[in-house]
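K.L.:
Make a model of the complete structure from these sequences and hints.
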Amino acid sequence: MQLLFYVFALVTIVGALGMVLSHNIVHSAFYLVLSFIGLALIYFSLSAPFLGAVQLMVYSGAVAILVIMAIMMVRRTDMTVSNPTQSLIKRFVGAGTAALFFVLMGLSIVLTPLGGGDAALPATEAADLAGLLLSRFALPFELIALLLLAAMLGALLLARGGDES
Amino acid sequence: MSLLFDSVGVQEILALSALLFSIGLYGLFTRRGIIAILMCVELMLNAVNLNLIGFDRLYVHDGSGQVMALFSIAVAAAEIAVGLALTIRLFRLRFTTNADEADTIREFKDFRN
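Residue numbers (the numbering used here), protein chains in the order written: chain A, 1 to 165; chain B, 1001 to 1113.
By construction, these hints were calculated from the structure, which means they are not laboratory data.
Glycine included, every Cβ here is placed at the ideal spot set by N, Cα and C.
Chain A side only, calculated, beta carbon under 8 Å to chain B, not exhaustive:
#, residue
1, 28
2, 32
3, 51
4, 54
5, 67
6, 101
7, 129
8, 132
P.N.:
Here it is, written out as structure tokens:
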């Protein structure tokens, strides 16, 4: 299990680094899809099969298609220079800040006494999640549905532009 | 053989999550295009989801962490839909999608809109 986790983590990290460092924004989007697929595999290996399926469908399916459609709608020039970055000094500052954040998080992970936890229990199936969603988390579930409706209408109105003739 | 049969610990999950979050943070600082920035935000949200699912797997065991990750995924989907719609709108008004060129509230003088 640990070996699988490391392989999937490698896939995810390669995807993330490629997304951040690529000069072509379409390549960036496809590296992001690779990273999402690696994360979905990690969810499967953590015995969260429903979340893995949701990750595959929502992120590496819908979000990726949305991003690529948006890229195609706004970009009409050469794709090879389509992903501009800041100047070199700002990139150094950004890398330093991100590295500092990672070191701080790593220190807090190493120094916090976390109990071992046990992973030998059976996986959380979709039926368990459905029970939780409709009993204990019923109100947030309804609110999320409302949020998705509002976001859909808002995105439609914004992208279409209601008042232009 | 422990590499094959042992289950993964919480520290590996947390370290991977922190690394993904840092990579997303680097991209957030260094990219100029709005779409690239939105992709970096998605990566950071995914790192947080990994944390939620890892803690649910190892400590909570009743699925509440996974439900929370589901909510997070829904909010992220709403966020990227509205963000991309705003990007398309901005491109129509200014013919650019760079975040640092959208730096005025005033109307752009060549465009009636």
